[in-house]
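J.: Letter by letter, the chains look like this.
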Amino acid sequence: MEDFEYLRHVTIGQYLPGSSLVHRMDPRAKMIILFLMAAAVTVNMSYTANIILLVVSVVYVLAARVSLRYILGGVKPVLPFMILLAAMQLLFYGNQFIGPNLQNVVLWKWWIVNVTTGSVQLVVISILRFLQLLLLASLLTNTTTTTELSHGVERLLRPLARIGVPAHELSLVATIALRFVPILAEQLETVAKAQASRGAELAGGGPLHLVQSARRLAVLIVPLFMDAFRRSEDLILAMEARCYLGGKNRTHLIELRYNGIDYAAIAANLVLAVWLIVYRNRFPF
Amino acid sequence: MSIDVGGTGREPLIELRSLEHAYLRGTPLETPALRGITLRVLRGEALGIIGRSGSGKSTTVQHMNGLLRPIARGQALVYGQDMADPGLDIRTIRQKVGLVFQHPEDQLFERLVGDDVAFGPLRMGLTLDEARDRVRWAMDAVGLDLAAFKDRFTFSLSGGEMRKVAIAGVLALKPEVLVLDESTSGLDPRGRRELLALMRRWKEREGLTIVFVSCNMEDIAALVDRVCVLDQGRSVLEGQVREVFSRPAELQQYGLNAPQITEILVELKERGLDVDPRCSNVAEAEEQVWKTLST
Amino acid sequence: MQSGLSVRKIVISGVLGAIAILLGATRLGFIPVPFIVGDATIMHVPAIIGGILEGPIVGAIIGTIFGVFSFLQVGAPMFKDPLISILPRIPIGVTAFLAYAALKKRNEYLALIVSAIVGTFTNTLLVLGMAVLRGYLTPAVAGAIVLPFGSAEAVLAAIIVVAVVSAWKHLESGHGKSRI
Numbered sequence: 001m002e003d004f005e006y007l008r009h010v011t012i013g014q015y016l017p018g019s020s021l022v023h024r025m026d027p028r029a030k031m032i033i034l035f036l037m038a039a040a041v042t043v044n045m046s047y048t049a050n051i052i053l054l055v056v057s058v059v060y061v062l063a064a065r066v067s068l069r070y071i072l073g074g075v076k077p078v079l080p081f082m083i084l085l086a087a088m089q090l091l092f093y094g095n096q097f098i099g100p101n102l103q104n105v106v107l108w109k110w111w112i113v114n115v116t117t118g119s120v121q122l123v124v125i126s127i128l129r130f131l132q133l134l135l136l137a138s139l140l141t142n143t144t145t146t147t148e149l150s151h152g153v154e155r156l157l158r159p160l161a162r163i164g165v166p167a168h169e170l171s172l173v174a175t176i177a178l179r180f181v182p183i184l185a186e187q188l189e190t191v192a193k194a195q196a197s198r199g200a201e202l203a204g205g206g207p208l209h210l211v212q213s214a215r216r217l218a219v220l221i222v223p224l225f226m227d228a229f230r231r232s233e234d235l236i237l238a239m240e241a242r243c244y245l246g247g248k249n250r251t252h253l254i255e256l257r258y259n260g261i262d263y264a265a266i267a268a269n270l271v272l273a274v275w276l277i278v279y280r281n282r283f284p285f
Numbered sequence: 001m002s003i004d005v006g007g008t009g010r011e012p013l014i015e016l017r018s019l020e021h022a023y024l025r026g027t028p029l030e031t032p033a034l035r036g037i038t039l040r041v042l043r044g045e046a047l048g049i050i051g052r053s054g055s056g057k058s059t060t061v062q063h064m065n066g067l068l069r070p071i072a073r074g075q076a077l078v079y080g081q082d083m084a085d086p087g088l089d090i091r092t093i094r095q096k097v098g099l100v101f102q103h104p105e106d107q108l109f110e111r112l113v114g115d116d117v118a119f120g121p122l123r124m125g126l127t128l129d130e131a132r133d134r135v136r137w138a139m140d141a142v143g144l145d146l147a148a149f150k151d152r153f154t155f156s157l158s159g160g161e162m163r164k165v166a167i168a169g170v171l172a173l174k175p176e177v178l179v180l181d182e183s184t185s186g187l188d189p190r191g192r193r194e195l196l197a198l199m200r201r202w203k204e205r206e207g208l209t210i211v212f213v214s215c216n217m218e219d220i221a222a223l224v225d226r227v228c229v230l231d232q233g234r235s236v237l238e239g240q241v242r243e244v245f246s247r248p249a250e251l252q253q254y255g256l257n258a259p260q261i262t263e264i265l266v267e268l269k270e271r272g273l274d275v276d277p278r279c280s281n282v283a284e285a286e287e288q289v290w291k292t293l294s295t
Numbered sequence: 001m002q003s004g005l006s007v008r009k010i011v012i013s014g015v016l017g018a019i020a021i022l023l024g025a026t027r028l029g030f031i032p033v034p035f036i037v038g039d040a041t042i043m044h045v046p047a048i049i050g051g052i053l054e055g056p057i058v059g060a061i062i063g064t065i066f067g068v069f070s071f072l073q074v075g076a077p078m079f080k081d082p083l084i085s086i087l088p089r090i091p092i093g094v095t096a097f098l099a100y101a102a103l104k105k106r107n108e109y110l111a112l113i114v115s116a117i118v119g120t121f122t123n124t125l126l127v128l129g130m131a132v133l134r135g136y137l138t139p140a141v142a143g144a145i146v147l148p149f150g151s152a153e154a155v156l157a158a159i160i161v162v163a164v165v166s167a168w169k170h171l172e173s174g175h176g177k178s179r180i
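Residue numbers (our numbering), protein chains in the order written: chain R, 1 to 285; chain P, 1 to 295; chain F, 1 to 180.
Fair warning: there could be bad hints in the mix.
Dumping the calculated SDA-like pairs for lysine to any residue here, alpha-carbon to alpha-carbon at most 20 Å [said to hold, decoys possible]:
1. Lys-169/F x Phe-155/P
2. Lys-177/F x Ala-218/R
3. Lys-169/F x Arg-231/R
4. Lys-177/F x Glu-130/P
5. Lys-169/F x Ser-156/P
6. Lys-76/R x Glu-30/P
7. Lys-177/F x Thr-127/P
8. Lys-76/R x Asp-39/F
9. Lys-76/R x Phe-30/F
10. Lys-177/F x Asp-115/P
Keep in mind the hints are simulated off the structure, nothing from the lab.
With the hints as extra help, turn the sequences into a complete structure.
T.: Below you can see the structure in the form of structure tokens.
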């Protein structure tokens with residue numbers, strides 16, 4: 001049966017109202033923490049570090065009282081592809097040894113197939129990393145409204161304004177983008193339903209029927225873009241009518257202020273991240 | 001609650017029984033949309049579906065051509081087929097029941113008008129010649145001349161013309177039932193009158209069964225025979241237009257007003273004038289008032 | 001405008017960026033290609049269109065949004081490296097703009113098609129290039145897939161870009177020749 005609920009898949013951008021500790025933290029703190037954790041994730045290749053990071057990510061998600069199932073639900077459409085990918089890495093990437101303290105032991109070699117402990121580690125670490133980042137990124141957007149996000153980004157970028165980076169404008173771009181994703185998803189759903197009602201086949205088609213696939217896509221994409229352009233024109237008009245002139249000397253009704261919890265959280269994550277980064281090659285496993 | 005005044009002996013093409021539905025099931029954003037819809041669409045009639053925003057009108061009609069399937073409780077039968085059956089031949093249903101969405105012009109995608117209208121017939125497997133005849137018929141049914149419009153660029157048309165092209169695109173499938181979801185929304189008064197006149201023509205001349213979803217009471221009163229009122233995902237009233245619309249107090253309870261002319265007649269009756277408030281037609285009402293005043 | 005970012009550019013960047021995110025999140029337009037670097041996609045197309053319609057800055061911003069989303073999204077692990085997911089995506093809209101600007105006087109359609117191809121290959125070449133540099137792919141593998149991959153995405157992109165831009169700009173007034 002067809003699934004027109006595109007909104008279901010947009011789990012990263014969706015704000016889920018709540019009153020947990022994480023919801024109430026300063027958005028800048030959350031973004032700084034995401035950045036620190038992402039850095040730790042990127043450089044760590046060992047099993048130990050990644051398990052620690054995964055556990056920490058899960059704890060954060062639970063602390064925010066966001067449903068793990070909801071976040072992981074975003075993985076479903078990609079699952080078959082990921083399994084295929086993992087299989088290929090396992091079988092063919094035996095030489096991409098990444099563990100800092102382990103030997104690369106060949107487990108099974110045959111023709112171009114080369115399964116080693118290295119390739120096993122590659123697959124496992126890749127999966128763990130991607131889970132960590134998925135949880136952390138979703139957590140940020142699920143617990144922070146787009147207004148908060150844009151404020152946060154703007155305040156964080158403000159120091160760069162001295163070298164000409166238009167912090168306010170860029171954060172506005174981010175806000176608009178995040179705000180429009182669910183709106184356009186609903187519009188896409190409507191168009192998909194309208195075209196399906198006319199007999200359009202929206203799924204299927206193999207990789208070789210490229211032009212056909214493109215034609216089938218056009219049925220959805222062209223109306224999507226046209227709607228986006230129309231909405232853009234309306235928004236531009238609305239902003240200009242309110243004499244929006246850019247970021248210079250703009251103040252906000254609610255200014256962001258850090259509080260004790262933010263400092264504590266940043267400090268704790270800083271310690272964790274630094275420890276993991278500095279000692280990344282010392283983990284035994 | 002049904003105040004159906006006498007069966008018409010016509011067969012029900014679509015039957016919804018205690019239909020329920022929720023959006024985004026299984027996610028934290030799950031929202032119930034239908035809590036129990038029961039209604040029937042009879043062959044050859046014009047059925048109106050009214051309710052305030054959020055009452056579930058669009059969700060209801062999307063069950064009529066299989067875009068939504070009964071996944072919770074309730075049943076939907078279209079041409080006798082159970083819509084919950086996974087082995088259903090959906091293409092036949094979609095050909096028989098055409099659905100025109102709100103702002104249908106948003107669905108246009110082809111560069112040229114003729115190509116867009118021909119999209120449906122060609123997908124159905126018609127030859128170019130057969131498709132051309134269909135397109136000619138469909139465009140004629142919306143008041144656009146084939147020769148004049150088929151080579152025009154879709155997005156260079158006016159809003160009203162684009163809407164007609166979109167509707168023609170649905171008509172080109174030659175459905176037996178045409179469902180129109182708030183198709184007059186966004187049109188100026190002249191555009192609305194034109195579209196309503198076309199809808200009447202489709203019903204009378206082409207024999208189409210029409211399901212018309214609208215918030216506009218006057219439009220509904222002008223076009224349909226029977227009407228079904230929805231409130232918070234439930235069907236609460238169903239019956240002949242005259243009967244349903246002559247109960248403005250009840251309608252208000254559901255966030256709706258009776259057509260203005262009906263409200264005027266009710267008020268006049270309350271003040272002692274001998275008029276029948278079961279009337280939603282301005283011309284008829286005028287006649288009544290003259291008659292009463294001259295006796 | 002004080003900062004070179006007019007209201008128009010801000011809004012278009014945001015909205016087309018939203019489309020890029022949406023295409024990624026819903027996997028619309030993902031065509032499975034039997035290579036391990038991912039499916040052929042049209043996620044880069046909004047950056048191309050933004051570059052064509054509003055210039056290189058807008059194209060670069062949309063490309064960045066595409067990159068950040070690609071970094072955050074579920075997909076091939078090598079995209080978890082920002083030098084592969086974000087950096088190579090920034091020039092997509094820029095090269096598309098340059099190609100379009102260079103050719104539009106000659107023939108609008110040609111300009112759109114070439115621009116789509118140039119933008120696509122910017123994406124493919126830079127991503128694969130960085131992947132090789134960072135050790136995720138061997139040069140042999142990268143060399144083998146660059147052409148089939150890039151061409152598949154270029155065909156998709158060209159069809160979509162022409163359809164969308166010509167529709168929006170009402171490139172023609174007058175008539176075409178309908179199939180029927």
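J.: Confirm or reject each hint.
T.: Going through the hints against the structure:
no.	hint	in the structure
1	Lys-169/F x Phe-155/P	9 Å, holds
2	Lys-177/F x Ala-218/R	19 Å, holds
3	Lys-169/F x Arg-231/R	15 Å, holds
4	Lys-177/F x Glu-130/P	18 Å, holds
5	Lys-169/F x Ser-156/P	9 Å, holds
6	Lys-76/R x Glu-30/P	18 Å, holds
7	Lys-177/F x Thr-127/P	18 Å, holds
8	Lys-76/R x Asp-39/F	16 Å, holds
9	Lys-76/R x Phe-30/F	15 Å, holds
10	Lys-177/F x Asp-115/P	9 Å, holds
Against the hints set out earlier in the document, no violation occurs for any number.
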